[in-house]
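A.B. asks: Sequence order for the protein chains is A and B. So the first sequence is numbered by this note's numbering: it starts at 1 and just counts up by one. So the second sequence is numbered by this note's numbering: it starts at 1 and just counts up by one.
Please keep in mind that the hints were generated in silico from the structure rather than gathered at the bench. Note that this is a predicted model, so its numbers are computed, not measured. Just to be clear, a hint being listed does not mean it is correct.
Stated by the list, open to error - Lysine-lysine pairs mimicking DSSO-like chemistry, simulated, CA-CA at most 30 angstroms apart:
#	chain 1	residue 1	chain 2	residue 2
1	B	Lys257	A	Lys20
2	B	Lys79	A	Lys233
3	A	Lys103	B	Lys283
4	B	Lys283	B	Lys272
To be verified - Below, a sample of chain A positions facing chain B; criterion: calculated Cβ distance under 8 angstroms:
#	residue
5	Ser65
6	Val242
7	Ser342
Unchecked claim - Derived Cβ-Cβ restraints for the label pairs, each shown as a range:
#	chain 1	residue 1	chain 2	residue 2	range
8	B	Met313	A	Gly26	16 to 22 angstroms
9	B	Gln21	A	Lys177	41 to 47 angstroms
10	B	Leu209	A	Asp144	39 to 45 angstroms
11	A	Ile343	B	Asn317	37 to 43 angstroms
12	B	Val110	A	Lys102	54 to 60 angstroms
13	B	Asp345	A	Lys79	51 to 57 angstroms
14	A	Asp174	B	Ile356	56 to 62 angstroms
15	B	Leu209	A	Gly215	23 to 29 angstroms
16	B	Asp38	A	Ser354	31 to 37 angstroms
17	A	Lys272	B	Ser210	26 to 32 angstroms
Yeah, the Cβ is synthetic: ideal placement off N, Cα and C, and Gly gets one too.
There are 2 protein chains.
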Amino acid sequence: MKYFTVGPSELYPIVPSKIKQALKDGVLSISHRARIFDELFESTTNNLRTLLSVPKKHSIFFLSSGTEGMERIIQNMTKQKSFHLVNGAFAKKFYQMALQLKKEPLKIEVEYGASFDWKEISIPRSTELVCVTQNETSTGVAIDLKQIYMLKRKNPKVLFAVDVVSSIPYVDVDYTKVDAVFFSVQKGFGLPSGLGVLIVSPAAINKSLSLEKQGVSTGSYHSFASLKECADKFETPETPNVLDIYLLNKVIQDMLKKGIDVFREETELKAKLIETCVENNPKLEYLAKNKKHRSQTTHVILVQEGSESCIRMLQKNKYLVNGGYGSMKNDCIRIANFPAHSIEDLKKLAGFLSTI
Amino acid sequence: MKYFTVGPSELYPIVPSKIKQALKDGVLSISHRARIFDELFESTTNNLRTLLSVPKKHSIFFLSSGTEGMERIIQNMTKQKSFHLVNGAFAKKFYQMALQLKKEPLKIEVEYGASFDWKEISIPRSTELVCVTQNETSTGVAIDLKQIYMLKRKNPKVLFAVDVVSSIPYVDVDYTKVDAVFFSVQKGFGLPSGLGVLIVSPAAINKSLSLEKQGVSTGSYHSFASLKECADKFETPETPNVLDIYLLNKVIQDMLKKGIDVFREETELKAKLIETCVENNPKLEYLAKNKKHRSQTTHVILVQEGSESCIRMLQKNKYLVNGGYGSMKNDCIRIANFPAHSIEDLKKLAGFLSTI
């Protein structure tokens, strides 16, 4: 079976052999307080910094999921007022999390499949934190980073948090222009699930420290202060998912060898294949009507006859895709386009899709 | 190398082959919203229930670490007043976490290596939650569960949370007598790190729901309400560490075949081997002076000449143990005694240890 699901998804090709290597080398038994772990932490964060061009002053933290990323951002980067751009289920979750954490979030919401009218967005004066889901896994809508940077430029004192869970490492973020970026590894990095990564600016750290000074709880073992104190020693506060950190390092090393630009070009090439297939088939239609809003990495496609028979047909041919998210389950299919997916497989998948 | 470290530790023998099986079967790519995952969740929690005799009314939640267990218990089981029995670094961490989460914890503290005078313990009247570290990984002191049950009987309206991180599955908890029990899988279950388990009573769930009603934040995606809503559907709120849940199920199935009592007897037999070795060597001495307080699964031993040369000698012979925890690093060694450790290897380790 080839997994074109939006995450967990197809494993990055070297993962199985690297897992076997990890077993041989005893990686699964090493102590998270041993020097060998510190070296792994340092190497992984250094390589990630190189791959994604993360400035030295930014901190890289390991969490357990993208979802945890949302919680830690809300806890550490806002006392009360967060502002959420909601265009799908995951952006909504981010907003609801702020409510659950007893903040006072505001939101603007657009119809699923649509994006925002950026000229019309006005950030309320007291806003501390803006939360944006750059790539909505539920709708397949991607936001142009330039719009986010422009909004930040207009509101320079407001912190910006960006969810790139299902677009990284394709998406080329300028980390100097935002304050928190987070993702999980079971999507674009093609790894087993159970690890999240959070990259934060010095301003984000300062905000967290200032909240603590004001007596606001920023969490406990995963407060930015606790995470940073440990990360500065190449450690984590708790026993982390050591295997996933090891595998992430291996995958990044492989990506560095090939060059991130090659992956980014290939992603666009493969996206084109799916797009052409959809455009040529009257029974298929992108949920995102506006071509400019469509994600390259997460293709959410309305299927005229319903998604079920289409998913079944693809599965019979050994290609697994997702149904639509939540209430759109039976209306849409969702196809991932990650570095682990080969051009050849994408061509075959598009071929099968064109027969419905 | 044989890992007698206190966690991460030696892998349970079937783990390497089951990881390879998982790779073959595509377990690392399955969606956490697919039926196949729900079946895995249901099977794993059912088997864990059988192995540990967890009542049907208790909920089993998957977290990412034992440390997360502490945070979620504090958030969901106390509005303000927790009471902590502190006899080591991990019990202290539990207490400090309550402070960080802006509760008003109280504690009684004994010297590291000692245990409590149970007759003297009086729980303050307003206490909502008592936190006990049943097996202190930093000191090798274990608490007799009967003392905990007795304290609960004297304070029936107070909730009790018990850390069994490094004693499970040896420790035989009566889950009807406490309200929260938590552990991680990289110790007694011999698995890769990155998964925590939290078992809670209906009273614990009710407390969390009542806090929510009072407007107290119980966290977000890992509030008991959110965890329970998902667990009732055999799901997790976030994408979890699917591989570890799969492996936990395999290890539990293997333990069920052999019988948990056999493991418990073997643990005591192996503990006796280390104890005899220490008693016969004047250069070695348990940190816990009182024999009754010594952990069967975590042996913390003072080394007269300092721990460093002892650790090096054992390592040369392919046996890895830990140094002492924190400031005791150079004074002690710590030896784990988990189901993954064979009697034969423990005999060899004791043999080498007796030569110092």
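A.B. asks: Now look at each hint and say whether the structure bears it out.
C.D. replies: Evaluated hints:
Between B/Lys257 and A/Lys20 the CA atoms are separated by roughly 27 angstroms; this keeps the pair inside 30 angstroms, and the hint holds. With a CA separation close to 34 angstroms, the supplied pair B/Lys79 and A/Lys233 exceeds the 30 angstroms bound. The hinted pair formed by A/Lys103 and B/Lys283 fails the criterion: a straight-line CA distance of about 57 angstroms is larger than 30 angstroms. A threshold of 30 angstroms between alpha carbons decides the hint, and for B/Lys283 with B/Lys272 the separation of about 18 angstroms falls inside it, so the pair holds.
A hinted interface residue such as A/Ser65 counts as satisfied when its beta carbon comes closer than 8 angstroms to some beta carbon of chain B; here the least separation is about 4 angstroms, so the hint holds. At about 5 angstroms, the closest approach between the beta carbon of A/Val242 and any beta carbon in chain B falls short of 8 angstroms, and the interface hint on this residue holds. Given hint, A/Ser342 at the interface with chain B, is violated; its Cβ is 15 angstroms from that chain's nearest Cβ, farther than 8 angstroms. The hint said 16 to 22 angstroms for the Cβ distance between B/Met313 and A/Gly26, and at roughly 19 angstroms that hint holds.
In this structure, B/Gln21 and A/Lys177 meet the distance hint of 41 to 47 angstroms, their C-beta atoms being roughly 45 angstroms apart. The hint said 39 to 45 angstroms for the Cβ distance between B/Leu209 and A/Asp144, and at roughly 43 angstroms that hint holds. For the hinted restraint 37 to 43 angstroms between A/Ile343 and B/Asn317, the CB-CB distance of approximately 52 angstroms leaves it violated. For B/Val110 paired with A/Lys102, a C-beta distance near 36 angstroms fails the hint of 54 to 60 angstroms.
For the pair B/Asp345 and A/Lys79, the beta carbons lie near 54 angstroms from each other, so the given range of 51 to 57 angstroms is met. At roughly 57 angstroms, the beta carbons of A/Asp174 and B/Ile356 sit within the given window of 56 to 62 angstroms. Checking the proposed 23 to 29 angstroms range against B/Leu209 and A/Gly215 shows it holds: the Cβ atoms sit about 27 angstroms from each other. Between B/Asp38 and A/Ser354 the beta carbons are some 33 angstroms apart, a value that agrees with the proposed interval 31 to 37 angstroms.
At about 55 angstroms, the CB distance of A/Lys272 to B/Ser210 disagrees with the hint of 26 to 32 angstroms.
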